[in-house]
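Residue numbers (the working numbering), protein chains in the order written: chain A, 32 to 431; chain B, -1 to 93.
In silico BS3-like cross-links for lysine-lysine, where the CA-CA straight-line distance does not exceed 27 Å:
hint : chain 1 : residue 1 : chain 2 : residue 2
1    : B       : 67        : B       : 47
2    : B       : 47        : B       : 5
3    : B       : 47        : B       : 2
4    : A       : 403       : A       : 107
5    : B       : 5         : A       : 284
6    : B       : 47        : A       : 284
Calculated from the structure, these hints are not laboratory results.
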Amino acid sequence: MTEELTQPFDAIPDACDVLVVGAGIMGLATAYNLARMGAGRIVIVDRSYLCSGASGRNGGGVRAQFSSETNIELMKRSLELCDDFATEMGINVWLRRDGYLFLARNAKRRAELEASVALQRSHGLPTRMIGPSEILSIVPEIDVSGIEAGSYNPDDAVVFPWPFVWGYARACQRLGVTVHPFVDAELEATGGAMSGALLRSQRVESLGQEKHIRAPLVILATGAWSPEVAAPLGLELPNHPHRHEICSTEPLKPFLGPLVADLESGLYFSQSMRGEIVGGVSNARVPPGVDQRSSLRFLGLYAKALTRTMPILGSVRVLRQWAGCYDLTPDGSPIIGRVDSLEGLILLCGFMGHGFMIAPIIGLLTARYLLKNEERELFHRWSLGRFERGELLPESMILG
Amino acid sequence: MSTKRDKVIVCRCEDVTLHQVDEAIARGHRDLESLKRYTGFGTGFCQGKQCVALCARLLVERGGDPPTKPITPRPPIRPIALADLARLVDDGDGP
Ligand SMILES: Cc1cc2nc3c(=O)[nH]c(=O)nc-3n(C[C@H](O)[C@H](O)[C@H](O)COP(=O)(O)OP(=O)(O)OC[C@H]3O[C@@H](n4cnc5c(N)ncnc54)[C@H](O)[C@@H]3O)c2cc1C
Chain A
32 MTEELTQPFD AIPDACDVLV VGAGIMGLAT AYNLARMGAG RIVIVDRSYL CSGASGRNGG
92 GVRAQFSSET NIELMKRSLE LCDDFATEMG INVWLRRDGY LFLARNAKRR AELEASVALQ
152 RSHGLPTRMI GPSEILSIVP EIDVSGIEAG SYNPDDAVVF PWPFVWGYAR ACQRLGVTVH
212 PFVDAELEAT GGAMSGALLR SQRVESLGQE KHIRAPLVIL ATGAWSPEVA APLGLELPNH
272 PHRHEICSTE PLKPFLGPLV ADLESGLYFS QSMRGEIVGG VSNARVPPGV DQRSSLRFLG
332 LYAKALTRTM PILGSVRVLR QWAGCYDLTP DGSPIIGRVD SLEGLILLCG FMGHGFMIAP
392 IIGLLTARYL LKNEERELFH RWSLGRFERG ELLPESMILG
Chain B
-1 MSTKRDKVIV CRCEDVTLHQ VDEAIARGHR DLESLKRYTG FGTGFCQGKQ CVALCARLLV
59 ERGGDPPTKP ITPRPPIRPI ALADLARLVD DGDGP
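Looking at chain B on its own, in the form it has when it is part of the complex (with noise of 0.2 Å):
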């Protein structure tokens, strides 16, 4: 069955509801980088720049640690395309 916090969404790119946070906050997972990697809030295309500080204050109202910083970003800042990239390095250099 289905009820209104099953519908909440709070991580749009992963849609992460807000019953899965409760749920991970349930299970132990009371720091900010613990509750993202159980829920997957902030690994999506956005990478989090929309959803980090609604997920951090969610924890903090269920009584988890308050975070002293946001989750470790994770680049690049935007998607990159693989043929872009590959004309970083150049042919001779190798690992």
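For reference, chain A alone in the conformation it holds in the complex (with noise of 0.2 Å):
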């Protein structure tokens, strides 16, 4: 990155063709590829420093094993963007593709994991059940008494977060667009039309200075600040913050190679390039709002279930933990596209636990969607409208 980055804040322009609000993964990603497909002038904000959303405090799971068609097929195409990014933006996102293993542990999540797999099979995905001998073939350390089957893709994947965000943040930078962290933005409109919005300085130097810009394209990609962020338009969004907790330990040699996960307890680790098992689970006694403190409990509740899984693991010391918040929707299926009411408006959000996966395809499949008019039946069928027309979709492989 550049010294724009720290631009001055008088230095944002009054007016711009499409104002990014949030630069987390799905603002970034968003951006970078209208940028590509000459979108004109593009500014982009975020109240805080790079990687402070979700963005910057996630697992880095990156896994097509999904259960419902949609997701299954937009996750292959973001994991094929997840091969080529480091090449693509030149930076090191230290991807790892050793795959996920889903573990049940009763008929019924078998069942699920079952029909899961034979969908995901027709699209072409390596997927496929296992038994407890092959389970403990891949990952021996597993204690397998009580677990029934698994299903394993060998081609999911984790990457580390940071550089990812620092990498679209960059090529966005060589395309022109111009990303402003620790500036805050007040979304404007007039007569049904977005007309841009009012800023704030969050930084010591400029603290308290504010300005306009005017941008007919306004894009909501706020994660989940998202409902609070749409309330003073008057929009209502059925979205709502759940925190979630995770945690990472001391550093260990090579040895897990899938991310493993449970989704009757929520429970999901892998072991990060740096050595640490990085993992959390479900939590559902959480304070309301975007909360992003740490909590005991969640130590004790993950602890449990990961030590239960792999009994190994007992000695191995926690160092640190963190929180950050899923933006759950009332369907597990995101908010994206526009809305019916505020012409100009796009917005990006409800991206649940796997936000940062979709991100590179509904970046690139929302500038399509912009400026040449297609997918048009993807953000039909995830748009806000679906709410009132009462077309709820499902999807049942929610972490967390």
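Dock chain to chain to rebuild the complex, using the hints, since each chain is given by itself in its own frame.
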């Protein structure tokens, strides 16, 4: 990145063609693709530092094992984009394609996995059901007592999220997009159409400074903050933040191939390229709203689920824990595209706990949708309007 | 070719060098949280107890944004074994 990241507040232009609010993975991936396709002057603002939102706090899991056709197809393409990312962006994202292993502890989960595997295979994925002995041959340290079966896709992957974010940010800048961290945006509309935003500096040197920016097209990519960002426009979004905690241990010699997950407890863990075991677990009892604090209860729930699945980790020590927010929708599918009541507003939110992996492809498709009028079916199906139309969508392979 | 700057360690747990701090700041990571993420300082065994003050000083000396607070502290204060943590919740206590 260049000096541009720290441009003075008053260097932000008075007008642009596209204003992207939120410089998480979603805003950046979209800005990058819009710029590549020649969308004109693009400005992207974030109220905090890069990687401050969920995009800097996640587990880096990238998988195509889902239960709905749409997610399977999209993640397949995201994985392909991940493969090329380092070369295209000139940054190492520590991509490791050693698979995802989902465990089933009862007949119901097993049947669900079987149905998903069949669907995934019909979409060309190499996912397969495996029994306890094959689970042991892939991860010998798992305690398979009580485990009926697993589904395994050797092509699923993990990445290190931070360089992924910087890679997009740099690529944006190379294409002339200006990226402004520490700038808060309050969206503005007049007469049923977006007019731009009121920007406020969050930087020490220019704290309190404000300015308006005019933009006919505004992309709301503010993740778990989206309902609060949309509210002043009179727009009520059905998604809501849900704190999700995660932690990492002291580094160990590489031994764990796939990311291991259990949909029952919501436990997932993988070994990072730094050697740490990184993982989390479901926790329904969390404070309301955007809350990024850590809790001791999480460590207990996680440690219990993890040591049950892999008892040998009992003596390994947790070094650090942190938290971010999932951006949950009522049906588990994202909320994207245009809004009937406000011309020029594009939503890109509601990405649950899998918004990182889907961002490369959503960024690309959003640019095609906006500039070439393509992908209309997807942007209709996942639109905000579906809640009014009563067309809710199923996805059962949700972690956390 | 390595220079002396490559060898000055500012974060001992993660082997972050003065040279890396300089590079990060030159690339625009001019606040403490961004500098932490770009270099990895403060994310190792001591969780920043040894290096935060030094890195904050280096940042300010190089024209970065003066931090108004340290990096967000990440619990636990000292590393704790998973087996000990597992005893924090009762058997019936699920998500
Ligand atoms: C602990 C954890 C683990 C996860 N694990 C995975 C995983 O393994 N795989 C996966 O794919 N996904 C995972 N996720 C989910 C994933 O991180 C998110 O879905 C994804 O990062 C969302 O990206 P985003 O750009 O929409 O939001 P964010 O990254 O949250 O970005 C939104 C940005 O908007 C900014 N903003 C908010 N309001 C304003 C405003 N008014 N003005 C300006 N800026 C504003 C915020 O500062 C923030 O930077 C995980 C999430 C968490 C919390």
